[in-house]
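There are 2 protein chains.
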Amino acid sequence: MNDVARLAGVSIKTVSRVVNDEPAVHPETAARVLAAIEQLRFRRNAGASNLRRGSATGTLGLIVEDVGNPFFSGLTRAVERVAVGFGKQVLTGSSDLDPDRERELALEFCARRVDGMLVVPAGSRHAYLEPELRAGTPIVFADRPPGDLTADTVLVDNAAGAAAAVAHLAAHGHRRIAFIGDSPEIYTARERLRGFREGCVSAGVGQDARLIALREPSARGVADTVHGMLTGPDAATAVVAGNNRITVHLLRALAHSEHRPALVGFDDVELADLLDPPVSVIAHDVGVLGRTAAELLFARLQGDQSPPRKVVLPVHLVARGSGEVAPA
Amino acid sequence: MNDVARLAGVSIKTVSRVVNDEPAVHPETAARVLAAIEQLRFRRNAGASNLRRGSATGTLGLIVEDVGNPFFSGLTRAVERVAVGFGKQVLTGSSDLDPDRERELALEFCARRVDGMLVVPAGSRHAYLEPELRAGTPIVFADRPPGDLTADTVLVDNAAGAAAAVAHLAAHGHRRIAFIGDSPEIYTARERLRGFREGCVSAGVGQDARLIALREPSARGVADTVHGMLTGPDAATAVVAGNNRITVHLLRALAHSEHRPALVGFDDVELADLLDPPVSVIAHDVGVLGRTAAELLFARLQGDQSPPRKVVLPVHLVARGSGEVAPA
DNA sequence: GGAGTGGACGACAACGTTGTCATAACGACG
DNA sequence: CGTCGTTATGACAACGTTGTCGTCCACTCC
Numbered sequence: 001m002n003d004v005a006r007l008a009g010v011s012i013k014t015v016s017r018v019v020n021d022e023p024a025v026h027p028e029t030a031a032r033v034l035a036a037i038e039q040l041r042f043r044r045n046a047g048a049s050n051l052r053r054g055s056a057t058g059t060l061g062l063i064v065e066d067v068g069n070p071f072f073s074g075l076t077r078a079v080e081r082v083a084v085g086f087g088k089q090v091l092t093g094s095s096d097l098d099p100d101r102e103r104e105l106a107l108e109f110c111a112r113r114v115d116g117m118l119v120v121p122a123g124s125r126h127a128y129l130e131p132e133l134r135a136g137t138p139i140v141f142a143d144r145p146p147g148d149l150t151a152d153t154v155l156v157d158n159a160a161g162a163a164a165a166v167a168h169l170a171a172h173g174h175r176r177i178a179f180i181g182d183s184p185e186i187y188t189a190r191e192r193l194r195g196f197r198e199g200c201v202s203a204g205v206g207q208d209a210r211l212i213a214l215r216e217p218s219a220r221g222v223a224d225t226v227h228g229m230l231t232g233p234d235a236a237t238a239v240v241a242g243n244n245r246i247t248v249h250l251l252r253a254l255a256h257s258e259h260r261p262a263l264v265g266f267d268d269v270e271l272a273d274l275l276d277p278p279v280s281v282i283a284h285d286v287g288v289l290g291r292t293a294a295e296l297l298f299a300r301l302q303g304d305q306s307p308p309r310k311v312v313l314p315v316h317l318v319a320r321g322s323g324e325v326a327p328a
Numbered sequence: 001m002n003d004v005a006r007l008a009g010v011s012i013k014t015v016s017r018v019v020n021d022e023p024a025v026h027p028e029t030a031a032r033v034l035a036a037i038e039q040l041r042f043r044r045n046a047g048a049s050n051l052r053r054g055s056a057t058g059t060l061g062l063i064v065e066d067v068g069n070p071f072f073s074g075l076t077r078a079v080e081r082v083a084v085g086f087g088k089q090v091l092t093g094s095s096d097l098d099p100d101r102e103r104e105l106a107l108e109f110c111a112r113r114v115d116g117m118l119v120v121p122a123g124s125r126h127a128y129l130e131p132e133l134r135a136g137t138p139i140v141f142a143d144r145p146p147g148d149l150t151a152d153t154v155l156v157d158n159a160a161g162a163a164a165a166v167a168h169l170a171a172h173g174h175r176r177i178a179f180i181g182d183s184p185e186i187y188t189a190r191e192r193l194r195g196f197r198e199g200c201v202s203a204g205v206g207q208d209a210r211l212i213a214l215r216e217p218s219a220r221g222v223a224d225t226v227h228g229m230l231t232g233p234d235a236a237t238a239v240v241a242g243n244n245r246i247t248v249h250l251l252r253a254l255a256h257s258e259h260r261p262a263l264v265g266f267d268d269v270e271l272a273d274l275l276d277p278p279v280s281v282i283a284h285d286v287g288v289l290g291r292t293a294a295e296l297l298f299a300r301l302q303g304d305q306s307p308p309r310k311v312v313l314p315v316h317l318v319a320r321g322s323g324e325v326a327p328a
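These protein sequences, in sequence, are chains U and C.
Note that this note's numbering has the first sequence beginning at 1, numbered continuously upward.
Note that this note's numbering has the second sequence beginning at 1, numbered continuously upward.
Keep in mind the hints are simulated off the structure, nothing from the lab.
Ideal placement from N, C-alpha and C gives every residue a C-beta, glycine not left out.
Any given hint might turn out to be false.
[Stated by the list, open to error] Quick look at which bits of chain C chain U covers, simulated, 3 or more residues with Cβ under 8 Å:
hint, segment
1, 83-94
2, 267-274
[To be verified] Computed cross-link-like contacts, DMTMM-like style, restricted to lysine to aspartate or glutamate with a CA-CA straight-line distance of at most 25 Å:
hint, chain 1, residue 1, chain 2, residue 2
3, C, LYS13, U, GLU108
4, U, LYS13, C, GLU108
5, U, LYS310, U, GLU198
6, C, LYS310, C, ASP66
7, C, LYS310, C, ASP273
8, U, LYS310, U, GLU324
[Unchecked claim] Facing chain U, from chain C, some residues (calculated, C-beta under 7 Å):
hint, residue
9, ARG41
10, ALA48
11, VAL67
12, THR76
13, GLU80
14, ALA209
The task is simple: from the sequences and hints, build the whole structure.
Here's what the structure looks like:
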């Protein structure tokens, strides 16, 4: 800026005025300054500007489990869309479900003085964020609630969705329904299992510990698990898959076996409608999830001081075929 | 930092020393300072630190077309992985294929003094980045080359892939092969068409303008296009889909029609192996694409001064069934 | 002609850090 | 006992901006 000022024959402050479109600069002077800026290819240092101006850095932090997963990338995109509307940039990070990594990312974002943070929490301890919250950095949790902290949270109705899946399968005559979910450390996995159990009770379907598995999904693990559930005297006739990855693993495992249980997945999956049979799922809109969370965050940024909110978004059953078959 | 210094009864500089793990601080003093930091929950301002220290902000800029698209989110993830290894944060932005938006993002990133940038270019004019490049900010282009600029670029072998698709279909007896690609404004779409044409020539397959379509894909548009190509006297017996979105639209369109042309898609698609018939594709690894580009960038950041490099990654045909059927 | 008004601009400090240099206290050495 | 090196610490400037306030000039109005 100094160089620009010198070249234009004005003071550094006048350059600042021009850069910031402040009034009270003679058009002729402004033109000279702009020419100098152009010539020297000057670009104002946003960091210095933010430092001087005080708080707002025009940056948002977003922590998800894995940007590479379509679910989280959809969420990321939705957040980005809202952020663009407010002229903010988004710093993204994947926690890989590791609480330490999440914490590291969060603190790093705080050090960079993000204006706000959106977090898909990995662990269950988030008290370390309390000072930040109290210091005025709004934080919104998405998809899962924070562990030991009260803050804005946007969830989907996991339990109701799982219960609906059970009810649907029971309505088609199933009495032996299995549930394969993600690791019980994950909130959504626990909630979906809870909904599954409640659905079983409501539908008068018996529960069998052999037909319930919660575990971090892998192709092999899911294949073995489901194989065990579909064989033997009390084999399952229907399966509820706990999330998109499990659904995919399950489909692949079933394609390589002769079993054809009824199936309802949680989370929608691309091309699910083109499979044979088309896969029925409990669907919800990641876009809405991300947008809602981001809008909540921006409301806070604009001064909303109301008590922490908890939003639960609805899910709905998409019946495509795989869930509408009677027991063999 | 001032407050911490006061509370610990030391000068602000000593606090700085402690925060930066500099030696020559008495352990006892350091302990007092750390206690004060803990008590006041002090977090050093990364912006101010970067300002004082000079260049490196520990930030990378990444511009893709759409983080929500699995292709780009996979790339994002790969970049992130490399960045974490070097202790950098990633600022992400989606251009939506809009050159103005891309430029806006790029300049914004420059204003934030990112240490380097990874760009999946939207338009074909990138001369505006030359001053940044010359100023020492390394920029690597991924998936598509920059328009009017010489810089590091990582591509996949689009033409060879498309040619391989044609050769494969021709080997199964097809003589009427159609190509449905993305908008010709996109480099990869043009290259794939070029490869398609070359493949036709090599295989001695005639080309028919009626069987070639380049257009921004939409479900409706693809359906109409393919319907036209598959009916009439000189109907196509095989189709090459120009990218993942087109493949998906195409599959959906075909599922609702009686036509069953042979099909080879470009880019792999999740669940493609479970469809009936399983979808053959020209596959390549986004993870490798992202990683290679990021590694190239970090090489530059570590002082690599060699002339701009151009890396072309291989693609390979995955024969699953849909491309291995003879003409009806 | 003097007072008042408003426009155009600059000097200076400050944002939160850190690099540079100076200083003080201390033991060791000849 | 004076000198020296070492260790621990602080004062101060600087990074690149911008907010505050002051100055200067031209102009208007009575």
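Exercise. Against the structure shown, which of the earlier numbered hints fail to hold, in ascending order?
Worked result: Those not satisfied are hints 7, 8, 14.
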